[in-house]
Amino acid sequence: MKRLWLALKKPSKKWSVLSLLLIGTIIGIALIMVPHAGLEITGSTKFCISCHEMESTVYKEYQQTTHFSNASGVRAECKDCHIPPGTFSAIGRKIEASNDLYQKFITGSIDTPEKFEAKRAELAAREWERMKANNSATCRTCHNYDAMDHAKQHPEAAKQMKIAAKDNQSCIDCHKGIAHKMPDMSSGLKKDFEALIQMAEKQSDGETLYTLNQKPIFASKGDKEPEGSLLPASEIKVLKRDGDWLEVSITGWTETEGRRRVLSLLPGKRIFVSTLRGELQTRAKAEEEVVVPETGTKWSKLTTTAWIQKGELINQVEPIWTYAGTLYNNTCNQCHGAPDIKHYDANAWIGTLKGMLGFTSLNTQEERILLKYLQVNASDMPTEKQQ
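The sequence shown runs 1 to 387 under UniProt numbering.
Careful: at least some of the hints might be erroneous.
[What the hints assert, rightly or not] Straight-line alpha carbon distances no greater than 25 Å define the calculated PhoX-like cross-link-like pairs of lysine-lysine that follow: (1) 298 with 240; (2) 94 with 60; (3) 221 with 181; (4) 310 with 191; (5) 221 with 119; (6) 202 with 237; (7) 152 with 166; (8) 221 with 237; (9) 202 with 191; (10) 354 with 240; (11) 181 with 46; (12) 221 with 285; (13) 132 with 166; (14) 162 with 132; (15) 285 with 298; (16) 104 with 115; (17) 191 with 132; (18) 202 with 119; (19) 237 with 310; (20) 354 with 342; (21) 60 with 115; (22) 132 with 342; (23) 162 with 190; (24) 79 with 94; (25) 221 with 240; (26) 190 with 202; (27) 104 with 181; (28) 94 with 152; (29) 132 with 181; (30) 310 with 298; (31) 224 with 115; (32) 152 with 162; (33) 237 with 224.
[Claimed, not checked] Computed spacing ranges between beta-carbons, pair by pair: (34) 24 with 326: 21 to 31 Å; (35) 50 with 198: 37 to 47 Å; (36) 141 with 289: 51 to 61 Å; (37) 224 with 108: 20 to 30 Å; (38) 135 with 182: 18 to 28 Å; (39) 356 with 117: 23 to 33 Å; (40) 345 with 122: 28 to 38 Å.
Don't read these hints as lab results, they were simulated from the structure.
Quick reminder that beta carbons are idealized off the backbone N, C-alpha and C, glycines included.
Build the full structure now, drawing on both the sequences and the hints.
Structure representation (structure tokens):
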């Protein structure tokens with residue numbers, strides 16, 4: 001201990017204790033200030049837009065938004081949205097961002113505005129996933145559910161924000177595309193559906209199958225004119241296989257006193273399974289009848305047989321719902337707060353989705369799969385029917 005004490009008192013014959021303390025202090029301050037200055041410099045908007053493709057595209061988009069210019073004069077800079085709070089979180093994000101420099105200067109995958117645009121969907125999805133993982137920590141440095149005055153919000157916005165606050169939803173769940181242009185997600189969705197088609201080619205030999213697309217149904221094998229159709233994500237039972245044709249059983253519910261031309265998944269719920277006409281409608285047999293308490297109407301469960309051609313049939317419904325969930329998030333839940341799936345009942349979703357379709361580029365097949373997905377997960381669906 002004595003030797004240690006002497007070493008501390010006189011650590012060097014050349015340097016005094018004061019000198020060594022001064023040098024140590026300078027080094028310590030440098031070790032603190034230099035990394036801090038580095039984080040500040042590399043976190044500045046000027047640094048972020050130093051790549052010309054960022055300045056000519058992303059930065060110009062940002063300048064047109066309320067995060068850049070607004071009545072209160074509070075501006076959210078690049079770092080405020082893209083670098084999470086906390087020293088270690090910020091350093092971790094900087095390390096991750098080094099990949100962007102690698103992609104620009106080494107691989108050249110995003111070194112022009114055109115290449116950047118081609119990868120926009122991939123980059124956006126990665127950023128959304130990152131923000132989802134930290135529960136939109138950057139957004140919450142300015143926006144706080146507890147601090148919101150819903151009386152000052154638009155009525156629809158207030159309604160959606162109350163729902164979000166109740167479940168502590170991540171901001172990015174609803175607020176994509178508020179600072180930059182939304183990427184075109186259609187190509188990715190088309191690839192997802194093509195993957196389902198390929199899966200169907202390998203998984204169409206079960207006794208229970210589900211339709212990927214609307215399919216015509218026929219009274220007899222080889223008929224030219226269909227007598228109805230199956231809607232996407234509808235269940236059928238295979239009775240017989242004959243070459244490229246399948247004889248199937250179709251079951252659904254219809255109003256007892258109606259024309260019985262449309263079959264639904266459950267009584268009282270317009271979740272369409274199939275349309276029927278001609279012989280298919282005539283041969284349909286009633287199995288049971290129930291009264292829907294909410295409306296007092298009688299509904300009958302019908303079963304009919306029909307012939308369909310192979311193709312776009314899969315032996316499990318879960319991949320269809322996975323695709324539909326992506327379809328919902330990438331289409332309806334982009335630039336505004338799309339309703340929670342359980343916010344509406346099965347029948348209300350019909351009109352709600354119809355009102356949204358004018359703002360989308362969905363084709364008919366995508367619309368029908370999406371509607372079926374929303375309906376089977378609606379607020380009034382029995383647990384065993386939820387997928």
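Status of the hints after comparison with the structure:
1. 298 with 240: 33 Å, violated
2. 94 with 60: 23 Å, holds
3. 221 with 181: 50 Å, violated
4. 310 with 191: 21 Å, holds
5. 221 with 119: 47 Å, violated
6. 202 with 237: 18 Å, holds
7. 152 with 166: Between residue 152 and residue 166 the Cα gap is close to 18 Å, so the pair holds against 25 Å.
8. 221 with 237: At roughly 16 Å apart (the allowed maximum being 25 Å), residue 237 and residue 221 satisfy the hint.
9. 202 with 191: 17 Å, holds
10. 354 with 240: 37 Å, violated
11. 181 with 46: 20 Å, holds
12. 221 with 285: 20 Å, holds
13. 132 with 166: 17 Å, holds
14. 162 with 132: With Cα atoms ~19 Å apart, residue 162 and residue 132 stay inside 25 Å; holds.
15. 285 with 298: Cα-Cα ~16 Å, so holds.
16. 104 with 115: 10 Å, holds
17. 191 with 132: 24 Å, holds
18. 202 with 119: 31 Å, violated
19. 237 with 310: 13 Å, holds
20. 354 with 342: With a Cα-Cα distance of about 17 Å, the restraint between residue 354 and residue 342 holds, given a limit of 25 Å.
21. 60 with 115: With a Cα-Cα distance of about 17 Å, the restraint between residue 60 and residue 115 holds, given a limit of 25 Å.
22. 132 with 342: 20 Å, holds
23. 162 with 190: Violated - the C-alpha atoms of residue 190 and residue 162 are around 34 Å apart, more than 25 Å.
24. 79 with 94: 11 Å, holds
25. 221 with 240: 11 Å, holds
26. 190 with 202: This hinted pair holds, its Cα atoms lying about 19 Å apart.
27. 104 with 181: Holds, at about 21 Å.
28. 94 with 152: Roughly 37 Å separates the two Cα atoms, so the pair is violated.
29. 132 with 181: Holds. Residue 132 to residue 181 sits at ~19 Å (cutoff 25 Å).
30. 310 with 298: 35 Å, violated
31. 224 with 115: At roughly 48 Å apart (the allowed maximum being 25 Å), residue 115 and residue 224 break the hint.
32. 152 with 162: 13 Å, holds
33. 237 with 224: 22 Å, holds
34. 24 with 326: 21 to 31 Å: 56 Å, violated
35. 50 with 198: 37 to 47 Å: 43 Å, holds
36. 141 with 289: 51 to 61 Å: 59 Å, holds
37. 224 with 108: 20 to 30 Å: 55 Å, violated
38. 135 with 182: 18 to 28 Å: 22 Å, holds
39. 356 with 117: 23 to 33 Å: Holds, since residue 356 and residue 117 (Cβ atoms, about 26 Å apart) stay within the stated range.
40. 345 with 122: 28 to 38 Å: Cβ of residue 345 to Cβ of residue 122: about 36 Å, so the range 28 to 38 Å holds.
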